[in-house]
Amino acid sequence: MVTARTTRREFIKGTGVLIVGFGLAEPMRAALGQPAPAGKTVATDEVDAFLSIARDGGVSVFTGKVDLGTGIRVALRQMAAEELDVPVDRINLVEGDTALTPDQGPTWGSLSVQVGGVQIRQAAATARKALVDMAAARLGVSSGELEVKFGIVRVRADMTKSASYAELIGDQEFHLKLDKNAPLKKPAEYTVVGKSLPRPDVPAKVTGEHTYMHDFRVPGMLHARVVRPPALGAQLTGVDESSIGSIKGLTRVVRLGNFLAVVAETEWAAIKAAERLKSSWSAWEGLPEMDKLYQVVRATPVAKDEITVNVGDPKSALASAAKTLAATYEFAIHTHGSIGPSCAVADVRDGSATIWSASQAPHWLRRELSAMLGIPVALIRVHYLDGAGCYGRNGHEDAAADAALLSREVGRPVRVQWMRHDEHGWDPKGPPTLVELKGGLDAGGSIVAWQSEFWIPKLSAITDGVPLIAATLAGLPRKEAINPGNIFQNSAPSYPFPNAHALVHRLETTPFRPSWIRTPGRMQNTYANEAFMDELAAAAGADPVEFRLRHLKDPRGVEVLKAAATAAKWETRASPRKAAAKAAIAAGRGVTYVKYENVRTYVAAVAEVVVERRSGAIRVMRVVVAHDCGLVINPDGVRAQIEGNVIQTVSRTLKEELKWDRSRVTSVDWKSYPILTFPEVPEVVSVLINRPDQPPWGAGEPAAAVVPSAISNAVFDAIGVRLRTVPYTPERVRAAILAET
Amino acid sequence: MITLSVNGASHTLDVEPDTPLLYVLRDTLALHGPKFGCGLAQCGACTVIIDGKAIRSCVTPVETVASRTVTTLEGLGSVAKPHPIQTAFIEAQAAQCGYCINGMIMTSKALLDQNPAPSDREIRLALADNLCRCGTHQRILEAVKRAAKRMGRRF
Ligand code: FES
Ligand code: FES
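Protein chains in written order, with my numbering: chain C, 1 to 741; chain L, 1 to 155.
Here chain C stands alone, though its shape is the one from the complex:
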């Protein structure tokens, strides 16, 4: 079963993977441009793909998932440490290096722990079982007589008889397939999982010692800036290089079709050159009028209709209902808005490429670059480095493509740093969403009919990635994909209504290159469903929590909803609140419940708001979230994710909206695309329901899904006015007040 290979030793010595920790060592090693080590498997069914144990007992865990600031860097180590029975600090985690880590899919969809971590856990359990069996053979006892502590296998009855993992396997490979039946530790015996261990990267991040993507440099590297077309579809007709001839340090202007960039010895020279370069472009006005957005969405040809729930006969149930309601909901186009614009370094030479990127999907990026560059996948190595927060597919991959193209052109390593206007103007966008709902109540105030229609862009294929800007502009090979992520999720309501139908129109096009932004689709769809649920509760004269409980059967759902209400000291009564409706400043509370993607993490939230009638300004004071994601690996990590989800989504709900003219995005900085600031930030209270006997589910997104509707419902409670278009800007709130009075 165990064989040592010479390549293995070279791999260990050559890369130092097994000895380096976090911080500078790993990227600096990578900087030396060492070739991909031979012999390390990355096959996702092999134990050796996920972990190795060195002669000194140090454990390396290899994951295709990447941290992105979420804290999985500690959570994944906890999961591995627990199954292996080694201390967490003996585990070194290697993330997102395509030569060393298995392709576990992009870091998206709140799946890093649920899928990525569970794979690693199974690899660790398989390895542990093998190690115990090896120890049994060596010690001449049966496996059942052994126990493991701190990476040492001992005979329970005679502690002097032992063998360490290092002795049993040190520097050798397991050559084992992942065994899905390898026994897992019982939750009652957990000592590491379930603990709020601190994240290993925080000390270096708060002292300037952490090497971010943006900080990474390689010898001989040049700095580049891109010059994007002034209109999305404009053609480059001329470049006047003499306009920047006087800039010291400028190396080259690169032009490939409509792809234009400047390359220089220093960043400042590149920035100045990009600013001053005179170029001429054809006119292009292919964008829709901004204020006709939802008309355009509704009129877009449908590629395909999907039905996500179809129960009973909602049509006749609606016709015979005691009371019916209908409403239309809209959700604006959003940008990712990472605080650091996208950045990448590429070294393309001799038919191979080394790329450093903060991409959430290094393995996918490798395939996309391979298609663009015409270099075989095997000759491209992508290294992940932490970037500024990434909440989906933002500009990281595009910046990597820019850098790769430029490095190939100039024959030296190139660092591309997008400017703020590149990021806001050109990152892929969260597409607009339009939803229409109809509902019917019986005489007793229960929902008897639910009918919904969604207008959202189609998905060509989830694995297509998103067309790279550089490939599009330079006319290089690329997939013509439309990929907004799995945005149909949560179009079906989270309650088992007797008659329900949800119809999703997948549209041929959408105005801006789409991608997935945190809680894609689930946020927009939950917003419409749960605000409409509130409309029905009000029509039934019912308390919003009680009304939801009336329709909810799932016991875990019932529990989160009750937990949120209890923690928020929910006052039972129907909305809107009577006395306050006419006050100049009114307070209200709203609730929302969701079962994420209708199959996993349960979340309920209560939002408390204050609305100033005259200005239309909303302040969210507090959001209480109850959260059941099954087994909690790291409670503080889950809390941090809940806080991030809530605050970011309060921002998206109250303030954020892409702006454009017929040619281009015009919200290209933080003034034109404002986000939530400290004085506006609500208190976030989280209640975690831990279920150690259940699988661990995702926490990176679900708590964002409940925020827009909870706020809309709270505003309705405060002033009796329903907000149906995100964002709830003061102008929109004032208009809604006027429309209803």
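Hints in this document: simulated from the structure, not taken from any laboratory. It is possible that part of the hints are untrue.
Claimed, not checked - Listed below are the simulated DSBU-like cross-link pairs for lysine-lysine, each with C-alpha atoms no more than 35 Å apart in a straight line:
| id | chain 1 | residue 1 | chain 2 | residue 2 |
| --- | --- | --- | --- | --- |
| 1 | L | K149 | C | K569 |
| 2 | L | K81 | C | K655 |
| 3 | C | K149 | L | K81 |
| 4 | L | K53 | C | K195 |
| 5 | C | K655 | L | K145 |
| 6 | L | K53 | C | K248 |
| 7 | C | K323 | C | K161 |
| 8 | L | K145 | C | K562 |
| 9 | C | K161 | C | K195 |
| 10 | L | K81 | L | K53 |
| 11 | C | K195 | L | K149 |
| 12 | L | K149 | C | K149 |
| 13 | C | K569 | L | K145 |
| 14 | C | K671 | L | K145 |
The hints should help you fit chain L with the ligands onto chain C, whose structure is shown.
Positioned in the frame of chain C, the structure of chain L with the ligands alone reads:
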């Protein structure tokens, strides 16, 4: 040639005089604490302290700070020997991606030097022009309060 005093050390540098201080710190001096976020004085990621004031280095030409004292995040402390504000951020686990944190810490340092016991509102106002996209605000507020307590105890 421009002479610059950064974190107590003096450097004579051959850089274009109109270069924003940020690029001199990051590229010439390899001080990566200050970050590029917008280049427009809108986000605070690039904040450094110059003569006791929190300054946005992305819009500060290096020639204008030649005779002044610049402190970067690295000048406060290190992983081995963190400043009390940095310790407070570690204790509160006040970083997700952490990209904005330089600005949060440097702006808080300037605040706490002026006002050692700020209220919640005063901290929020001091940080009003520092943006965080990950939604770490609640922990950042907690960290600044912890830091104020910690530093208060020292004197
Ligand atoms: S980078 Fe200087 S304020 Fe944003
Ligand atoms: S922690 Fe990511 S931007 Fe603040």
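Verification of the hints:
{"no.": "1", "hint": "L:K149 x C:K569", "in the structure": "holds, 31 Å"}
{"no.": "2", "hint": "L:K81 x C:K655", "in the structure": "violated, 40 Å"}
{"no.": "3", "hint": "C:K149 x L:K81", "in the structure": "holds, 33 Å"}
{"no.": "4", "hint": "L:K53 x C:K195", "in the structure": "violated, 40 Å"}
{"no.": "5", "hint": "C:K655 x L:K145", "in the structure": "holds, 28 Å"}
{"no.": "6", "hint": "L:K53 x C:K248", "in the structure": "holds, 32 Å"}
{"no.": "7", "hint": "C:K323 x C:K161", "in the structure": "violated, 76 Å"}
{"no.": "8", "hint": "L:K145 x C:K562", "in the structure": "holds, 33 Å"}
{"no.": "9", "hint": "C:K161 x C:K195", "in the structure": "holds, 31 Å"}
{"no.": "10", "hint": "L:K81 x L:K53", "in the structure": "holds, 23 Å"}
{"no.": "11", "hint": "C:K195 x L:K149", "in the structure": "holds, 27 Å"}
{"no.": "12", "hint": "L:K149 x C:K149", "in the structure": "violated, 40 Å"}
{"no.": "13", "hint": "C:K569 x L:K145", "in the structure": "holds, 27 Å"}
{"no.": "14", "hint": "C:K671 x L:K145", "in the structure": "holds, 29 Å"}
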